[in-house]
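> Given next are the chains, with one letter for each unit.
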Amino acid sequence: MAMAATEVNLDVRGLPPCEPLEQILAGCHQLVPGQRLRALVSREPLPLFPLLEQRGFAWRVVALAEGRCELLVWRAGDRQAAEVG
Amino acid sequence: MNAGLSLEQAPPLSVPLRFFLSAPLFGLAAAGLLLWRGPDVLASRWSAGALALSHLLALGVLSMVMCGALWQMLPVLAGVRVAQPRRTGALCHSLLVLGTLTLASGFLGAGQNAFRVAVLLLGLGLGAFLTVMGHALIRAPHAQDSVRGMRWALLGLAGTVGLGVTLGLGHGGLGLPLWRWPLTDLHLAWGLLGWIATLIAVVAWQVVPMFQMTPPYPLRMRRWLAAGLFVLLGWHSLAVWRGWPLARLPALLLALVLAALALITLRLLSRRRRKVADVSLAFWRVGMRALLLASVIGAASLLASPTAAARLALAATLLFLLGFALSVVNGMLYKIVPFLVWLHLQQRLATRIEVRHSIVLPNMKSIVPEKRSRQQFALHLAALLLLLLGVLLPTLLRPAAALWLADFALLEWNLVQGVLCYRAECRHIDHYR
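Chains as they are written, first to last, in numbering that gives the first Met the number 0: chain S, 0 to 84; chain B, 0 to 432.
Calculated directly from the structure, the hints in this document are not laboratory data. Beta carbons are placed, not taken as given, at the ideal position from N, Cα and C, and that holds for glycine. One should not assume that every hint holds.
Claimed, not checked - Keeping only pairs whose Cα atoms sit at most 20 Å apart, straight-line, the calculated EDC-like set for lysine to aspartate or glutamate is:
(1) B:Lys274 x S:Glu18
(2) B:Lys364 x B:Glu411
(3) B:Lys364 x S:Glu18
(4) B:Lys364 x B:Glu424
(5) B:Lys370 x B:Asp277
(6) B:Lys274 x B:Glu369
(7) B:Lys364 x B:Asp277
(8) B:Lys364 x S:Glu21
(9) B:Lys370 x B:Glu411
Said to hold, decoys possible - Going by beta-carbon spacing under 8 Å, a handful of chain B positions derived as facing chain S:
(10) Gly78
(11) Met209
(12) Phe210
(13) Phe338
(14) Trp341
(15) Gln346
Please work from the sequences and hints to get the whole structure.
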């Protein structure tokens, strides 16, 4: 049975561009195997996705109320981090 | 779900930048024209100088920036790729530059052939732009308020271009009668409201909350403003064309809608969560106050005597173009250019896997220095106030033009600083060991 993945939480709502993107990128680079980042953002960060793709990360967006979203990011290929809840 | 942008969807930085860097040069040409010809330019809206000036501004400055911004914003806001952005961007930009210069030269006395060439160049350039953007917007997967609004704005541009081409062919003596009234009034109304105001409103409800950290625009406004503007614009056009009774009513309602847009934006800006004021905020505030004033003066011109109405309409048009649209476009440039530079540097950095953790990129605020953009804002404000006073005291128009010249020169300089910063950082990334 796989170990439960841990999560790093980040709340970047209310920060001006491009600080949310900078903080999410910095947080992603700190991830260890089995770990993923959960970021709360004010809106879907479309410009971030190419940057994540280039750096070898995968992500999932969960839409919340009023355009806000929850962004889950893990290292591409890290199935343990990807498959949790 | 890994939906969103792929790397191929974002256009190269050169595509929007070529539009953004050209715009202040047309501003310099417009200011130079006013300095050269002096008060005669604004003596009447029919003067050759006034027509050349208004097209240098509306096409060369405002539409230039708005077209460049759409190339960039469509992938970001609508999640859709514009076909062959480098090639189509270069084509539309070249045709818009050459067409605007030729049209201005036609108004300044270069003859009928200049109008014929201008109609061809602008018809092809803006027609290609409408085709490329329209095709992308039809396929847009994100059917949000902004996508719907952008579709209306493109329809407004198509109406403006159609009327403009008809008028241009009349100037060029190509069989069609030069029926100045009411076609000119409709061309102006579609250009200012259907294209410029609609696109600025649609972009505002994305970028104002995003960059100024305000609450969102009211949902009803995002859903109905663009469509409402078009219903009123259609009503106004038919009323003018067919001579319907109460022809002034839709025009008054249009002024009311624009005043509401200005008031709501000013209220949102006063409720922003981030209390640090930057130069972009200052431009937005001036722009929205100017829109409010332009709406009031424009409404007053509809009810005034014919002599007063001409002066009031001129003041409202100047306020709209220079006070509202130019200020807001200026404010957007100071956010969009640093953001794009930052984004493209991040993309470039990602290609240097071995050194990417060792390089610290500049943050957005340092890409175009705030001090210089503040100086440009002061020049912009002084030029605007002097120009408006110049409507009453024409001797002030030449000093206003001189300030305006300095304003556009500094804007160009500031934007070039952003490009130079990008180039320096690219060299740093590429050669870092």
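> Run every hint past the structure and note whether it holds.
Evaluated hints:
1. Between Lys274 (chain B) and Glu18 (chain S) the alpha-carbon distance is near 16 Å, which keeps this suggested pair within the 20 Å criterion.
2. Restraint check: the Cα-Cα separation between Lys364 (chain B) and Glu411 (chain B) comes to about 18 Å, which is no more than 20 Å; the hinted pair holds.
3. Of the pairs offered as hints, the one joining Lys364 (chain B) and Glu18 (chain S) holds, with about 11 Å between alpha carbons and a cut-off of 20 Å not exceeded.
4. About 15 Å separates the Cα atoms of Lys364 (chain B) and Glu424 (chain B), which keeps this hinted pair within 20 Å; it holds.
5. Using a Cα cut-off of 20 Å, the hinted pair Lys370 (chain B) and Asp277 (chain B) holds, with the two alpha carbons roughly 10 Å apart.
6. Pair hint Lys274 (chain B) plus Glu369 (chain B) holds up; C-alpha atoms about 16 Å apart against a cutoff of 20 Å.
7. Among the hinted pairs, Lys364 (chain B) with Asp277 (chain B) is consistent with the structure: their alpha-carbon atoms are about 10 Å apart, no more than 20 Å.
8. Pair hint Lys364 (chain B) plus Glu21 (chain S) holds up; C-alpha atoms about 13 Å apart against a cutoff of 20 Å.
9. With a C-alpha separation of about 15 Å, the suggested pair Lys370 (chain B) and Glu411 (chain B) falls inside the 20 Å cut-off, and the hint holds.
10. Interface restraint check: Gly78 (chain B) against chain S, minimum CB-CB distance 6 Å, threshold 8 Å, status holds.
11. The restraint placing Met209 (chain B) at the interface with chain S holds, with a minimum CB-CB distance near 6 Å, inside the 8 Å limit.
12. Residue-level restraint check for Phe210 (chain B) holds (minimum Cβ-Cβ distance to chain S is 6 Å; threshold 8 Å).
13. Hint status for Phe338 (chain B) relative to chain S: holds, with the closest Cβ pair at about 6 Å, below 8 Å.
14. Proximity of Trp341 (chain B) to chain S holds as hinted, the smallest CB-CB distance being about 5 Å (cut-off 8 Å).
15. Taken as an interface hint, Gln346 (chain B) checks out: its beta carbon lies about 6 Å from the nearest beta carbon of chain S, inside 8 Å.
Of the numbered hints given earlier, the model fails none.
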